[in-house]
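Residue numbers (the numbering used here), protein chains in the order written: chain C, 1 to 218; chain V, 1 to 354.
Note that these hints are calculated values from the structure, not bench results.
Careful, some of the hints might be misleading.
Heads up, simulated EDC-like pairs for lysine to aspartate or glutamate below, C-alpha to C-alpha not over 16 Å straight-line [claimed, not checked]: (1) C:Lys179 x C:Asp131; (2) V:Lys100 x V:Glu86; (3) V:Lys4 x V:Glu304; (4) C:Lys5 x C:Asp48; (5) V:Lys260 x V:Glu304; (6) V:Lys136 x V:Glu230; (7) C:Lys96 x C:Glu61; (8) C:Lys190 x V:Asp61; (9) C:Lys163 x C:Asp193; (10) C:Lys140 x C:Glu171; (11) V:Lys162 x C:Asp66; (12) V:Lys215 x C:Glu60; (13) C:Lys96 x C:Glu21; (14) V:Lys100 x C:Glu143; (15) V:Lys166 x C:Glu21; (16) V:Lys166 x C:Glu20; (17) V:Lys215 x C:Asp66; (18) V:Lys162 x C:Asp216; (19) V:Lys215 x C:Asp193; (20) C:Lys142 x C:Asp131; (21) C:Lys209 x C:Glu20; (22) V:Lys166 x C:Asp72; (23) V:Lys166 x C:Glu60; (24) V:Lys162 x C:Glu171; (25) V:Lys162 x C:Glu20; (26) V:Lys166 x C:Asp66.
Now the in silico label distances, taken between C-beta atoms and shown as ranges [claimed, not checked]: (27) C:Gly196 x V:Arg92: 22 to 30 Å; (28) C:Met43 x V:Thr104: 31 to 39 Å; (29) C:Gly173 x V:Lys100: 33 to 41 Å; (30) C:Pro37 x V:Arg173: 29 to 37 Å; (31) C:Tyr75 x V:Gly194: 34 to 42 Å; (32) C:Asp193 x V:Lys100: 53 to 61 Å; (33) V:Val16 x C:Ala172: 25 to 33 Å.
Every residue, glycine too, gets a C-beta built ideally from N, C-alpha and C.
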Amino acid sequence: MSVSKEELIKRLSDGVVNMEEEDVIEVVNEYLEAGYPAFDAIMEGLVDGMNRASQLYEEEEYFVTDVLLCSDAMYEGLSVLRPHLPASEAEKVKPKGIIGVVEGDTHDIGKNLVKIMLETAGFDMVDLGRDVPLQSFVDKAKEENASFVCMSTLMTTTMGGMKTVVELLREAGIREQVKVVIGGGPISKKYADTIGADGYSPNAVEAVKLVKNLLDIA
Amino acid sequence: MIIKELSSAERMKRLVTREGLDRVPIIPLASLYTAYISNISAKEYFLEPEKAMEAQLWARDLHGYDAGPSYNIPDWGGWDFGGILEIPTSPRISLPRMVKKAVTSTKDVEKLEVPNPSTAPAMSRSLVFARLSREKGFPVSVWGGSPMGIVVSIIGAETLLKWLRKEPSLVHRLLRLATDYIIEIAKVYTNEFGGENCSALATYPMECFAMMSPKMFEKYSLPYVIEIHEKLIEMGIKKWTIHLCGDHTRNLIHWQQSIKLMPRTIFTLGHEMDMLKTAEALGEEYIIGGNIHTTLMQIGSANEVYRACKETIEKMKYIPGGFILAPDCVLPSLTPPINLHAMVKACRDFGKYE
């Protein structure tokens, strides 16, 4: 007897919450073989699981380790499901953001967490990685027609780079179209205000709320 | 009774012996900042301990704070275990970065060995700095932890966080190696300088609540921290400074009950921790240092720093164990010198004991 779509979707969501990469891949394959639509597996299964993990993180039941492993499971499932999305879904335009760790700094856990949470929340994130040349934030924002730029740093020696990016966005004439959100160990709301960024987030969960708020997304 | 102005050495000694102080001591945790104001590059500062010592002494003299010279290369552990550390030359004041980690796969872990402190790139330089410190009459600072900090430097934080769940035995092997290296370093230092002239410094950034659950701290870090404290104390190292970076409130119970501590150990705290509550939890035997926000030191005005220091001093100066004014972590390298002056001035203006 074939397993119902709902049951498979629940197992996908649970697989993400339980950090079971292999289970997720197995269920995804079973789901696709049964001919169910990939989009529902992503939204109601993988993303739902990641949302549950985010909630557990917010409630301090889960820690960074858990969120990273949940996201590994989610991304494994996504990589199998994406090619099966109908063109109309795959090409659907989502708000786009550029994210990276500013030049001179290679600490990227915080950035990775923010990226995971934003992707889970439905944003299309372009990850520039770490130690990113400052001009690259601007060039990529222009190229991708991004709605926002997220920058992080853990080091006080490199935080000045964020201010430079804000200035470069202004010089490029796109500052008004691109919201700038910053975070990281030494960063504060005061610093965001000082350099003219649009917002500061102390953690990944808050970053989603902040971006949604800035872009006026419910 | 008002005590006449003490020298820094007298002040720090009397803080430990509880003989009464003229004012609250100041330890600004100044590292690369001293290179910044001495017109030398980060590369010179980290690779040439003689230049680091000069910068440290000039900065101490300029500001009149109470800390002795100190020297620590960021990511030193990973460098000594075989990673490749790069110190950018531009901008002049840039922190080192690990361009190749000592371990990039599970197989690499088996090949790792405890380095020889006398020849390892970072520790051999620390030894040169330690000899200069002794020549100038200062105690030497020896590494007291954390072993998890060294493991992060060897494999990177994200890999570590994943391996805590997926490869626990490899994490234990790495912690074993890091612990053995810390003990080996302490042996070299105590043999050369004598335990009585060594002061242990242990920092705990990775074990804070934002990165690791209290259960993980207990399961992974704690056994090794207990071992390090016991062995280093056995070697005669009686002076300790422990920096709890970030929020460690839920791990304090282990510092109270499980980890051997010398009386008058100094705990410096991140801004995330309530200093009064922590002082109360740890007890009157310990000295608390902290916790002016480093971001304020870098981007605030002198007046803002002065006001924040005043507030902190007034809140903390009479705690029974004793108090040291300090930033909540290493002083940002690009701190405007006037802001450190504001910190010192606040201490002179509001830190006097009557």
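Here is what the structure says about each hint:
1. C:Lys179 x C:Asp131: violated (21 Å)
2. V:Lys100 x V:Glu86: With Cα atoms ~9 Å apart, lysine 100 of chain V and glutamate 86 of chain V stay inside 16 Å; holds.
3. V:Lys4 x V:Glu304: violated (29 Å)
4. C:Lys5 x C:Asp48: holds (15 Å)
5. V:Lys260 x V:Glu304: violated (39 Å)
6. V:Lys136 x V:Glu230: violated (29 Å)
7. C:Lys96 x C:Glu61: Answer violated: lysine 96 of chain C to glutamate 61 of chain C is near 30 Å, above 16 Å.
8. C:Lys190 x V:Asp61: This hinted pair is violated, its Cα atoms lying about 32 Å apart.
9. C:Lys163 x C:Asp193: holds (10 Å)
10. C:Lys140 x C:Glu171: Holds, because 15 Å separates the two Cα atoms, which is no more than 16 Å.
11. V:Lys162 x C:Asp66: Between lysine 162 of chain V and aspartate 66 of chain C the Cα gap is close to 8 Å, so the pair holds against 16 Å.
12. V:Lys215 x C:Glu60: holds (12 Å)
13. C:Lys96 x C:Glu21: violated (27 Å)
14. V:Lys100 x C:Glu143: Distance ~31 Å between lysine 100 of chain V and glutamate 143 of chain C Cα, so the pair is violated.
15. V:Lys166 x C:Glu21: holds (11 Å)
16. V:Lys166 x C:Glu20: holds (11 Å)
17. V:Lys215 x C:Asp66: holds (13 Å)
18. V:Lys162 x C:Asp216: violated (35 Å)
19. V:Lys215 x C:Asp193: Answer violated: lysine 215 of chain V to aspartate 193 of chain C is near 37 Å, above 16 Å.
20. C:Lys142 x C:Asp131: Given pair lysine 142 of chain C, aspartate 131 of chain C is violated - Cα atoms ~20 Å apart, limit 16 Å.
21. C:Lys209 x C:Glu20: With a Cα-Cα distance of about 28 Å, the restraint between lysine 209 of chain C and glutamate 20 of chain C is violated, given a limit of 16 Å.
22. V:Lys166 x C:Asp72: This hinted pair holds, its Cα atoms lying about 12 Å apart.
23. V:Lys166 x C:Glu60: violated (21 Å)
24. V:Lys162 x C:Glu171: Violated, at roughly 41 Å.
25. V:Lys162 x C:Glu20: holds (13 Å)
26. V:Lys166 x C:Asp66: holds (11 Å)
27. C:Gly196 x V:Arg92: 22 to 30 Å: Given a distance of about 26 Å, which is inside 22 to 30 Å, the answer is holds.
28. C:Met43 x V:Thr104: 31 to 39 Å: For methionine 43 of chain C and threonine 104 of chain V the Cβ distance comes to about 35 Å; the hint holds.
29. C:Gly173 x V:Lys100: 33 to 41 Å: Hint holds: Cβ distance 40 Å, inside 33 to 41 Å.
30. C:Pro37 x V:Arg173: 29 to 37 Å: This hint is violated: roughly 46 Å between Cβ atoms.
31. C:Tyr75 x V:Gly194: 34 to 42 Å: Given a distance of about 54 Å, which is not inside 34 to 42 Å, the answer is violated.
32. C:Asp193 x V:Lys100: 53 to 61 Å: violated (38 Å)
33. V:Val16 x C:Ala172: 25 to 33 Å: violated (57 Å)
The structure does not agree with the numbered hints 1, 3, 5, 6, 7, 8, 13, 14, 18, 19, 20, 21, 23, 24, 30, 31, 32 and 33 stated previously, though it agrees with the rest.
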